[in-house]
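In the order they appear, the protein sequences are chains A and B.
Residue numbers for the first sequence follow this note's numbering, so the first one is 1 and each next one is one higher.
Residue numbers for the second sequence follow this note's numbering, so the first one is 446 and each next one is one higher.
Some hints could be false.
Stated by the list, open to error - Pairs of lysine to any residue residues, derived as SDA-like cross-links and limited to a Cα-Cα distance of at most 20 Å, are as follows:
id, chain 1, residue 1, chain 2, residue 2
1, B, 563, A, 343
2, A, 329, B, 564
3, B, 774, A, 343
4, A, 238, B, 854
5, B, 661, A, 352
6, B, 563, A, 347
7, A, 118, B, 794
8, B, 661, A, 359
9, B, 563, A, 353
10, A, 238, B, 845
11, A, 4, A, 93
12, B, 661, A, 355
13, B, 683, A, 439
14, B, 683, A, 443
15, A, 329, B, 792
16, A, 118, B, 791
17, B, 774, A, 328
Just so you know, these hints were derived from the structure itself, not from any lab.
Protein chains: 2
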Amino acid sequence: MGFKIGLLGLGTVGTGTVQILLNPSQRHPLVQELELYRVGVRSLEKSRAIDLPPSIITTDLDAIVTDPDIDIVVEVMGGLEPARLLILKAIAHGKHVVTANKAAIARYGAEIFTAAEKAGVYVLLEAAVGGGIPVIEPLKQSLCANRLHTVTGIINGTTNYILTRMQTEGGDFASILADAQRLGYAEADPTADVDGLDAADKIAILASLAFGGRIKLPDVHCEGIRQVSAADIAYAEKLGFVIKLLAVAKREDLTTETPTTETATLQVRVHPTLVHTSHPLASVNGVYNAIVIEGEPIGQVMFFGPGAGAGPTASAVVADILNIAAILKVERGAATRSNGQPLLDPLLACSHQDYCTIAPMSDLVTRFYVRFLTRDFPGVIGKLGTCFGNHNVSLESIVQTGLRDDLAEIVVVTHHVREGNFRTALDEIRVMEAVSSIASTLRVL
Amino acid sequence: MGFKIGLLGLGTVGTGTVQILLNPSQRHPLVQELELYRVGVRSLEKSRAIDLPPSIITTDLDAIVTDPDIDIVVEVMGGLEPARLLILKAIAHGKHVVTANKAAIARYGAEIFTAAEKAGVYVLLEAAVGGGIPVIEPLKQSLCANRLHTVTGIINGTTNYILTRMQTEGGDFASILADAQRLGYAEADPTADVDGLDAADKIAILASLAFGGRIKLPDVHCEGIRQVSAADIAYAEKLGFVIKLLAVAKREDLTTETPTTETATLQVRVHPTLVHTSHPLASVNGVYNAIVIEGEPIGQVMFFGPGAGAGPTASAVVADILNIAAILKVERGAATRSNGQPLLDPLLACSHQDYCTIAPMSDLVTRFYVRFLTRDFPGVIGKLGTCFGNHNVSLESIVQTGLRDDLAEIVVVTHHVREGNFRTALDEIRVMEAVSSIASTLRVL
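Start from the sequences, fold in the hints, and give me the full structure.
If you want it as structure tokens, here you go:
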């Protein structure tokens, strides 16, 4: 039956979304049922990285959100207006909406979700937080049996990139910010990132989902990283910490044995924070994002991945589209069938029937670690090296590490090699007079 | 309208599941619509940690899976039989099924899913892999727009606990296994864990979901950790690696520019592996699990959390129940309504209307790091300490770290203190004659 998509915006994320939609092979079969029906852009003149039929491109964005044929409007234009107005108009016209617009949702979420509920449509926003990292949907679905009490995230890639470089290079904020701008990791006006405003938008959204209530953005306490100095990073390191810009939302009223069902009392805050090196968030570096969610009875789970970028963000956008399409299939199926078998949600049901072909291990290409015990004959390292070489097993290192029980211990690490070749070489080595035993063979990731 | 649950098994996971179902406050409102209708156990005599009305407990498991009133059968008894037969009978009677049984799904998945498809019912299994970590649902939903090519996981807590202790203590496998058995981290018969069989079951399930094809369990290459010695762990560490039992599923035919849509050719394997310390999986220690999923265009995402335990596993079981309940609501709503507004999926829609109460920052209880520049007066550390003490700000450390621009630099780390008290103390310290400036104030996680 197919689902018609109206796309608003053809920038980085929009282009990534189109690339998935136009190239469905080896993705979920439901992608093939998505039809890129209209694409709204600011200018028809701009040259594009992707080839689209001119007939589907328009600058008339209103015509897209009101088009009676369109099922799902995908807003990836960003900014507050006209994004907000277009989303509201799409909702008023009965369209389901997928958006990556954290700024608009954090500010106008109340208005948008009230309108969506009234109109009976979905507004999904996986791409608004954490780029491609699944975190919104796990919060809404996989973790919904829990009483959540804390969400802690590194959810701004620019500041994490700057802090990571300050940590590893010992440089000062201003010089590394300038370099990040030059390299495209920070914008010309870096305010939204370095002052924590982008992270504040995102933690407001996460808090709202985790704790089931709306958040007023001005209530979010927000400190950026301009005040973090090289000296502080150095002292923190001596004390066993790294400094990260954390966004934290914490429920305060779960300490009582008999929790009330009243509206939650929360802390919601963004600030640079000393994180002990043993904490899972301490090793989240560069432009990566990670979100730790804690609750009862789950304990602690963490989601880690690329927090931005065309591909990851588009992955989240299309996942939302597919979620809506799957539900619409169930709904239409249920509404139209007279009797017989119900139509299952194609994302939840398991329908594959073919068996995968499994490659033999001998064809595996991997690295190996192998430890030999050898009699201390002259030239034993040379003999091992030659034998591996004869079988196309290229070595990264071969080291005699010491003596064990009067035998010389030799540790070899290979480059990526065919497992079959490696095993053939090992069979020859095993019977060498100089070799007492092959003590262990392990693969290297 | 409510959903009637028939629970098979009241062991650790079953008890955790009941505790969530009977205590719905502050969880998703849909939990309140789940009715624990029948509970099947092996013996009525056994004493239980939870109080259930005797009328709902039975040893007649067949009566549960055939009960016409039951909507969803939850199988948490474990083992191959009678679990398989009961699941198949439940499906044949039109029940949706939630199971935590990785062994049964890895072996009989083909039979079970074929039956489920024929009957038009869901079989969900989030709890079968990674305990409470959301990974099955993200694979099926959040990542379904991707062409996945690799799934790499630490998915057996017992072996990760043993390897972590071997790493940190330098002990040998046999002695640490014995200690783990004594402490309850390994079973009396540890074969399924230490020989990699449990991880093989789980990676077969993950591979099947990631690559959309069935996997024959005997095709999974499986090596356990008995052969890993203290010597290998020590050498690996010298080379910059830790040793982990990894489960890997990799698609081999995605290297071509024009991927075919034929059945995937895969490697699926479990073996001890040297993992470089810079890799996100290297720092996954103890009984924690983590799964890294890679694909196009997502890049790399990782899911981390508790891989076992009553609470986390029950969180996954109830999430599956709620997913089915949500879909059934949509389906029943669509089928029964004559006109008017469609019924939205209560897990995907956003319906909360109340605002959360945000606590003032002065009420926050947190740790602080603060750096002072002071004139080198005698007793300045004492003055700072006294002032903090007067305001109930307890200190973890106070250290004069050196001189900077002729000023003495003093770094203070507090215990958990009320932010308001801390700020009041800072206001007093700021005007002390000995204090030149408060160079930075950061919070500590």
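We went through each hint and held it up to the structure:
For the given pair, residue 563 of chain B sits about 11 Å from residue 343 of chain A by alpha-carbon distance, which is consistent with the 20 Å threshold. A threshold of 20 Å between alpha carbons decides the hint, and for residue 329 of chain A with residue 564 of chain B the separation of about 18 Å falls inside it, so the pair holds. Taken as a hint, the residue 774 of chain B and residue 343 of chain A pair is honoured in the structure, with Cα atoms around 14 Å apart against an allowance of 20 Å. Annotation: proposed proximity of residue 238 of chain A to residue 854 of chain B holds, straight-line Cα distance about 14 Å (limit 20 Å).
Under the criterion of a C-alpha separation no larger than 20 Å, the hint pairing residue 661 of chain B with residue 352 of chain A is consistent with the structure, at around 14 Å. Pair hint residue 563 of chain B plus residue 347 of chain A holds up; C-alpha atoms about 17 Å apart against a cutoff of 20 Å. Proposed proximity of residue 118 of chain A and residue 794 of chain B is supported: the alpha carbons are some 11 Å apart, at most 20 Å. Only pairs whose Cα atoms come within 20 Å are accepted, and residue 661 of chain B paired with residue 359 of chain A is accepted, the gap being roughly 12 Å.
For a cut-off of 20 Å, the pair hint linking residue 563 of chain B to residue 353 of chain A stands: about 12 Å separates their Cα positions. Between the alpha carbons of residue 238 of chain A and residue 845 of chain B the distance comes to roughly 13 Å, so the proposed pair stays at or under 20 Å and holds. Pair hint residue 4 of chain A plus residue 93 of chain A holds up; C-alpha atoms about 14 Å apart against a cutoff of 20 Å. The suggested pairing of residue 661 of chain B with residue 355 of chain A holds, with an alpha-carbon distance near 8 Å, which does not exceed 20 Å.
Taking the CA atoms of residue 683 of chain B and residue 439 of chain A, the gap is near 18 Å; set against the 20 Å cutoff, the hint holds. Taking the CA atoms of residue 683 of chain B and residue 443 of chain A, the gap is near 16 Å; set against the 20 Å cutoff, the hint holds. This hinted pair checks out: residue 329 of chain A and residue 792 of chain B have alpha carbons roughly 17 Å apart, not beyond 20 Å. A distance of roughly 14 Å separates the Cα atoms of residue 118 of chain A and residue 791 of chain B; the hinted pair therefore holds under the 20 Å criterion.
For a cut-off of 20 Å, the pair hint linking residue 774 of chain B to residue 328 of chain A stands: about 13 Å separates their Cα positions.
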